[in-house]
Amino acid sequence: MAETRIGRRGISRRAFWPAAGAAVTAGCAQAPEVPAGPAGKSAVFVAKAASYEADLESIVRRGITACGLAVKGKNILLKPNLVEFDPATCVNTNVAVLAAARAAFLALGAASVRMGEGPGHRRDTIYLAEEAGYRKLLEGFDRAFVDLNRDDVTFRENVSHRGGLYLPNTALGADLIVSVAKMKTHHWAGATLSMKNFFGVTPGAVYGWPKNELHRIGIPQAILALNKTFPRSFGIVDGIVGMEGNGPIQGSPKRSGVLAMGTNLPALDATCCRIMGIDPLKLEYLRLAREIGHVDEDRIEQRGESVAAVRQPYRLIEEIERVRLG
Amino acid sequence: MDVHQARLSRLRARQNHDGGWGYFPGKQSRLEPTCYALLALYGDRPSGDAWMRGWSLIRSWQQEDGGYRPGAEIQVSSWATALVVTLHCVHGTYDGRFQKAVAWLLGSRGIEGSWVERALGLVMRMPVEYDRRHKGWPWNTDTASWVEPTAHSVLALKKAAGKVENPALRERVTEGEKMMLDRRSPDGGWNYGNKRVMRTDLPSYPETTAVALLGLQGSLLLEDPNAAVAAAEKHWRETRSRLAKAWLTISLRNYGKDVPLGAEAEPDEDVMITALEALACPNGGHQWLKPA
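Residue numbers (this note's numbering), protein chains in the order written: chain B, 115 to 440; chain Y, 1360 to 1651.
There could be a bad hint or two in this list.
Stretches of chain Y that chain B covers, calculated by requiring three or more beta carbons in the stretch to come under 8 Å of a beta carbon on chain B [unchecked claim]:
1. 1387-1400
2. 1495-1501
3. 1547-1557
4. 1600-1609
For the record, the hints were derived by calculation from the structure and aren't laboratory data. No experiment lies behind these values; they were computed from the predicted model shown. Ideal Cβ placement from N, Cα and C applies to all residues, glycine included.
If we strip away everything but chain B, and leave its shape as in the complex, we get (with noise of 0.2 Å):
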């Protein structure tokens, strides 16, 4: 993992914030006061997935249309979080809720559906694919999927201390992009949903793998800036089983049963957040995201299930633990 760094040349944000006592962690400050987000209300729906067996691309159409998702014509980029990968845990969005996405997508008429992805540690992507079941289960893979670490890149000017980042055509092209995240926990950032997998669109082999660049950025700091550079968006979270303890790589598999969809990303995170017991409102990058989008429960509305009805709190290791809803 990466470090923070607080000052252009000071102590690391994972160093600093153990010792600022209890108020604060890397990923989960209490910052000051952000606007309530842009006028309105934003829908997220919420749907009960037994297991990855189910008719998933059913649920995915269902949740395009609850959230009024317009489709028809759009080439689409679907950016699952493939991170690393151990058979004994569920580290990577699962391949059975991309294959309905993309099912789903070309169903409701997108002109094109594209998958990519840049895994913040292992070079190799393709074999990353293919222990992840990508390859095997998904028809025309090699087509249809590009190595976003390695794509060609155009200089975007947005929050960093460099003016801008680099980031790959594939996905400044692409007239929606489609996060198809996780439902983890995040020993930094205290979760990892449809916002933090933005962190996968930023090329490696620009800024090395892991990306530091972002941890120097901030991470939720970061979140913010790919999330208003990439403003058209949709969210997918696969929760079916999502990540407890020690996410996002070494937690231990959580079964929650839910898949999670919206249009305005913060809604759809602070939802998850609400659905894995953590308070959205205690994680800094949600606070920050109010700026683009609605946290606050008020602001929400839910479709599908309700939130009581699939709420499953996630455990969380002893750093985070103050991000507990309640």
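Since the structure of chain B is provided, determine the placement of chain Y on it from the hints.
Showing chain Y alone in chain B's frame:
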């Protein structure tokens, strides 16, 4: 056509019009795959013209500060400057560009280990456990140091040692070796550069274990080279990654192990894998990645 020649032929076919190689066919030329392609093609007579065009291109990518940018479109100096230094040493070109690149490399350093961080480490257990006195090389300026760029930089500086009069060179090589050894995983290999986070040991990866071993060639600080090589051999037996297999084969060959490449007959579409598999062949150029 044998495995080696098939890869050289594929590399020649995949060269871009500007003389460089992208990570994949038809993609923008980039410094890293171009350097590996040039190392693989070096000395191959039918590849002479291709080699010179690639060499000319990357030489034009040197920045004012002496570092090399990762591609024509990317205006930052990159860790892969280390690969360019290695390439200069293989080619025997020790001109002004080479000297400036070495100077840039010597000035590049991870930003971790501030005095506050070190002071905190004296009174509390840090979430990321490592010795903050040792700094290696970062992927980008103003970020922390990691195993892969450190290993390539240490190897490049070892190769450049006899051609550069800078007292900092030996010191940085030693510091880089110490950094890599400190961040070694408990299983004997290396991952990207953290051995223990949040009270949990982290496992090594095959490709970074191989690259770390290349950086540590000839190191007197590596007290148990046999154990490190054994960790690499275990990864070599178990990995299904073509990239990792190629790196491990290169590295193990350089440590005197006669391991087969185990590559499929058909070269991969991934240009970097193709180049590394060529280098991993018995007569394929893995020796270019030895310190001397």
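Outcome of the hint check:
A stretch counts as covered by a chain when three or more of its residues have a beta carbon under 8 Å from one of that chain; for the segment 1387-1400 of chain Y and chain B the count is 3, and the coverage holds. For a cut-off of 8 Å, the count of residues in the segment 1495-1501 of chain Y with a CB near a CB of chain B stands at 4, and the three-residue condition holds. Under a criterion of three residues with beta carbons nearer than 8 Å to beta carbons of chain B, the stated coverage of the segment 1547-1557 of chain Y is upheld, 5 such residues being counted. With 4 residues having a beta carbon nearer than 8 Å to a beta carbon of chain B, the segment 1600-1609 of chain Y meets the requirement of three or more and the stated coverage holds.
In summary, the structure agrees with every hint in the numbered list given earlier.
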